[in-house]
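Trainee: Line order of the protein sequences matches chains A, B, C and D. Per the numbering used here, the first sequence runs over residues 1 to 409. Per the numbering used here, the second sequence runs over residues 1 to 409. Per the numbering used here, the third sequence runs over residues 1 to 409. Per the numbering used here, the fourth sequence runs over residues 1 to 409.
Do not take every clue at face value.
The list treats identical chains as one, so a pair stands whether inside a single copy or across any two.
[Said to hold, decoys possible] Taking lysine-lysine and the DSSO-like style, the derived pairs with C-alpha atoms no more than 27 Å apart in a straight line are:
no., residue 1, residue 2
1, LYS269, LYS200
2, LYS200, LYS138
3, LYS269, LYS157
4, LYS269, LYS204
5, LYS80, LYS204
6, LYS269, LYS199
7, LYS157, LYS199
8, LYS138, LYS269
9, LYS138, LYS199
10, LYS200, LYS80
11, LYS200, LYS157
12, LYS138, LYS204
13, LYS199, LYS80
14, LYS157, LYS80
Please keep in mind that the hints were generated in silico from the structure rather than gathered at the bench.
4 protein chains.
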Amino acid sequence: MTVSREVELEGHIIDSGMMQSCFGIIMDLGGSFSVQEFDIGRHKDEESYARMLVEADDEDQLQSIVHELHQHGVNPSDPKDATLVPAPDDQVVPHGFYSTTNHPTYIRHDGEWIEVEDMEMDCAVVVEDGDSPRAYTKVLNAIEEGDLVVTDETGIKVQPPERPRDSGGAFGFMQGGVSSERPSESTIRKIANAIEETKKEGGKVMAVCGPALIHSGAREDLARLVREGYVDMLSAGNGFAVHDIERDIYGTSLGMDTESLDHPRHGHKHHIYTISEVIREGGIEEAVESGTIESGVMYECIDNDRPFVLAGSIRDDGPLPDTITDAVEAQNAIREQAHEADMVLMLSTLLHSVAVGNCLPSTTRVVCVDINPATVTQLLDRGSAQAVGMVTDIGTFVPILAEQLLSED
Amino acid sequence: MTVSREVELEGHIIDSGMMQSCFGIIMDLGGSFSVQEFDIGRHKDEESYARMLVEADDEDQLQSIVHELHQHGVNPSDPKDATLVPAPDDQVVPHGFYSTTNHPTYIRHDGEWIEVEDMEMDCAVVVEDGDSPRAYTKVLNAIEEGDLVVTDETGIKVQPPERPRDSGGAFGFMQGGVSSERPSESTIRKIANAIEETKKEGGKVMAVCGPALIHSGAREDLARLVREGYVDMLSAGNGFAVHDIERDIYGTSLGMDTESLDHPRHGHKHHIYTISEVIREGGIEEAVESGTIESGVMYECIDNDRPFVLAGSIRDDGPLPDTITDAVEAQNAIREQAHEADMVLMLSTLLHSVAVGNCLPSTTRVVCVDINPATVTQLLDRGSAQAVGMVTDIGTFVPILAEQLLSED
Amino acid sequence: MTVSREVELEGHIIDSGMMQSCFGIIMDLGGSFSVQEFDIGRHKDEESYARMLVEADDEDQLQSIVHELHQHGVNPSDPKDATLVPAPDDQVVPHGFYSTTNHPTYIRHDGEWIEVEDMEMDCAVVVEDGDSPRAYTKVLNAIEEGDLVVTDETGIKVQPPERPRDSGGAFGFMQGGVSSERPSESTIRKIANAIEETKKEGGKVMAVCGPALIHSGAREDLARLVREGYVDMLSAGNGFAVHDIERDIYGTSLGMDTESLDHPRHGHKHHIYTISEVIREGGIEEAVESGTIESGVMYECIDNDRPFVLAGSIRDDGPLPDTITDAVEAQNAIREQAHEADMVLMLSTLLHSVAVGNCLPSTTRVVCVDINPATVTQLLDRGSAQAVGMVTDIGTFVPILAEQLLSED
Amino acid sequence: MTVSREVELEGHIIDSGMMQSCFGIIMDLGGSFSVQEFDIGRHKDEESYARMLVEADDEDQLQSIVHELHQHGVNPSDPKDATLVPAPDDQVVPHGFYSTTNHPTYIRHDGEWIEVEDMEMDCAVVVEDGDSPRAYTKVLNAIEEGDLVVTDETGIKVQPPERPRDSGGAFGFMQGGVSSERPSESTIRKIANAIEETKKEGGKVMAVCGPALIHSGAREDLARLVREGYVDMLSAGNGFAVHDIERDIYGTSLGMDTESLDHPRHGHKHHIYTISEVIREGGIEEAVESGTIESGVMYECIDNDRPFVLAGSIRDDGPLPDTITDAVEAQNAIREQAHEADMVLMLSTLLHSVAVGNCLPSTTRVVCVDINPATVTQLLDRGSAQAVGMVTDIGTFVPILAEQLLSED
């Protein structure tokens, strides 16, 4: 026996690859299809529309196909209201709850499509009933008993952003995925343009930074970008802040003078001493106020009111009093920041970039920079449609970026 | 004006490279030396002894040189008692506190040398006075007001383990650092021998595991090693446990059937559903008891009473109820485990391997396995003298290791 | 003023991504299009057909678009005969000559479509007129004065192979590109199946090998695969052969005993001595016949009449008398071998794999194995539609592959 | 029965690690030793001297130990004349011939020590008898019947360069091996200083370049360095020259405009067309003279009389008429260039860097730059004592280097 369901796609479904993905999903999962209607956009600006019948051997297989199609923006053509089931307990979701993608999503409720707020992947969707009903994402551990959680696949519409191929503007270049083989200086110029465009539009730029940025000598230039307002928010770990402050207090990063390259052996002592000094003061802000910290990225954040989140990890020394040691609390702080960002620079850190990336909707512009191609690929695979990757040395990237941004003023 | 201090070295100081390091440190830091006495071991089994005067331009430079020499096992020849200063507040160490290496260390107290317990790097040393005085390490955030903390460099003796070059036995091969260019199967055989020798000596083997181990299909073989007692303890993250359990409940890892390679698109849903199921049960042990989890690495840990630590991170989904989300708590749990381990296998995880490595004395045997040479190098650089690295595919490494260990029984 | 040309696509043009590529090319190059006719395959087995008008600002732009479309299998809908221009001199092609892809290609001559023989990319196409006209590729340096060379874009049809998604059989898994995150043992089993299927169909398997294969201890297992007929041809460099023979004569590879891991210091002397011994004998075959070489990959090639090509490079020591030192001659030898191969295993060598890959039509099955993901990606990007990549350790890959192939007999 | 030989070491034998290596070699190879005399330098500028008796179980083992010690600068204390045996045939060396290191080497002949000319590793040493006898290296394939070849280990003295730790000057920083974790801009400044110092001393700088340099947009800056005389010689492959010239003729590199990043799809056609154009002209010099090539690295080489070697490889398209296709001929051309270089910049090419590195004595200054740490490590391991490595993006490295060199004028 065969079961089937009718689905439809619309938009730039060929150009964006959606149609191809759709065919691929059905066949990979062992189903088949028949195309019922197909209106192709005749010109490059016209949208296309397709309606097709998906067939599978049994209901399980069909659901699995329809689920996958969903994630890629293919929706059932006979929309019903979403199924809502109350959460049986705190942190416990109903069976078969709908797990989100990071794409803009709509829930059908009382015959109306409501946009889901705070889009983020791997969350449940909770609907608040009432006169003006709302839908928003909740991570599993934030679910409260009685929350009305969307289950199954019906009444849900996902809209993956399309990649308009010939878009002009600074973000045009951001359509191409990893640009490891692209000319380095020209690519950095494009990224500088994208930052400027974001700022002109009143957007916020967030930098996610790993300690390699300090070791590679890019600290002073990042500090200038913070001071001059090209970086509005910072997300990093304990290590980044300690290395940055060590350079201020002791003139070294992990014991090496990053200017003269002298004395590479002073070593770890400065690192742990730096932590101890900041603990003694009570925190980074206190240490800035007392004059213990007089320069650097963290200094500029404090001095210019750029909010920062320092998330703890099990490899931290110390940690600093500012570091949020609980992973769930840290995720919440990261989430709040991420939802405000219009453009995110991920600078030589896998852990923090993944954590931030997990909280971003697919509509946020992302630039990933790392010297390890595997890191860049891994970050881009998580899937912002507006993400671009660059494989380069962070120690030369930041100075060139800063020169292009700051000399253009 | 010149200042100077007399230091001495003993042991296999040439063969182990200690003498060379010592000369290098002095010159790198701008000092000079004159050798006062030098007795070289005439035969390969004899130890050598050197006494020399280190000279520097000022006291600061001298201290910095003597500090570095210390870390490498060069000690002042005129030992005095260690300087003890009470901690001024909780989590606040006295100025100039001594920050530990991971080598066996002794503190001179009332004219006697006391061995420091729980050696671990980047800690303070606290001395407990009394009839039988003790000295032990404390991480910064565990310091309590009034703790007697060792400061400065006097009265401290560090003994980096030597690498006896022609040592026989299974660990002989472990002297060579990264073995990325060594024959793969033969190297795995050596590692198998080292595990067997550790078990025969009554030692404990700890496995530190990343999620790639599950994705690459090595789960069943690792589960067998846990069941058969070749792995006594497990240290991992939330992701590892979720992937392992997903394979049990849904037959997939991140949505792919690791046997048939079928259905590569089921995707993320299984991952988040797995977490939800375990939360519903209350934890992994409960899920094993209820029959929800029937196989795999976590199952074998529960079924065979092998303790495990799941440390949280900011990139976790969920997390599982068993995951310790606070980084400091998680470090304490890792620390306790690490101090009990006699041999540690670090299997395709950088974050957790660094966290465990931070807690290990340099005398613990360590094997690092990763397909990324940079990861192996970074782990070995942290410096266990008994560490060996292997650049290989974890998905073929674990099966071949398991076959060699289990077929030999 | 606008210029335009009508083109058509047929086959699985959506599923294979051809339609998406086509839209992308037109827009990337600044053109536009209008779709004139579109018949979509209603079921997964049905082919589709599209006819569209490509528009550009001027003839140059149009030609550049049509050229690119060509490479992806989009052909003008009003075919004319190909333009033939005689080569003005040896090694000199006419202006505007057609440079080939590696896809099956047809030339229209006297109103008939002739298939181009010996397809290979970056070549010229030469037509031999006469009663039964032929068309074949020639590399630039083989062009002779007067050769009739195809120029411009007219009268040429390219057919990139489609990736039939639900193909059964052993090669089904080969549709997925790089499988670095796939389960290792299961993937090797699939590759073993594909080799067996190739052999059953009477096909020939070619191994392209780098010296790392010997260093990593996989020599004996590859030698068995040659002996048992799973490898029919070998393509390698001077270094591979020398390391293989060194292991036979001196029991070492670059001075290390690959079994016992003993004596890692004997060093380079064995390498250069091995070369000297083979030169003394006059070549590998002579050294096998005289009993100087008694085992290994090269031995089995000689003993079982498996043809091999040893191509020289500027980093070679020696070289051996069997090594072809001229790059053009070596390419010709590689070309001849490559055209006979039905399946190619590229084993841990970038240089030789690229050289062989350059000579392969896109219809040949290719498996690339390397521990460096960048190497695998680079090889797959060159574009066999039937290529699959695996990121793993060659030193564990070959033994597991050999066990699966040889124990199944 | 035990056999023994007396050997001696002198110089900075502890600081340079020679003493440690020596002890290690003896023990690794199963021998033992007794130190007969040891005079340690009391101050950092004083040299040390050691004389010791090496013991082994049999003559074979002893020879193997003494051979290894040799390579590291430990010489027998009872020097005899070197053993000379005539080569039995062209390209055939006598049994037991001495295979060279890349260190300065002396041959004892008629009681006198003669320095070996053209030092290079893996060669034979040929002595020309007569009134003023000479000794020089010959690669195996250059040996002629009757050449007097040095065999065995007697009468040979090797002097590995020491690494004077506190050397001032621009090359001081070059003592530290791979500097992947060093601050990028500061390290580039040090390299710029080293180039300037080399030029001031009247030395010659050679650049070894891979095609990635062009793709990454660094072409114009390298061309300026050639024009301004900071690069005196170029060693590259066919691909580098073609990409460089393609950029001049078509404004693209592999089809991409490296300035605007536009039109990434024009593709391979430009590459093969470029080759065809240069073949048509007869060569690069002819194409420069005719005005076909008007800018770029190759143009500046021709225009400023900077000699270049283009060495062929089996992956070349074309090749250009200037490319030396025979590997042995190409090696000879590289060898000649390499022997004239005082400083070598190896820029993002493994193949050509290894080929050049093979011809360099260990006294030539070498800087290796690549984004892949494995490439840098592999090059440094070949062992110039004055080699320094940097892991960075060639596309940002060359512009920053050029700016530092050219703006300082």
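Trainee: List in ascending order the numbers of the hints, as given earlier, that are violated by the structure.
Mentor: Hints 1, 2, 4, 5, 6, 7, 9, 10, 11, 13 are the ones this structure does not satisfy, whereas the remaining hints hold.
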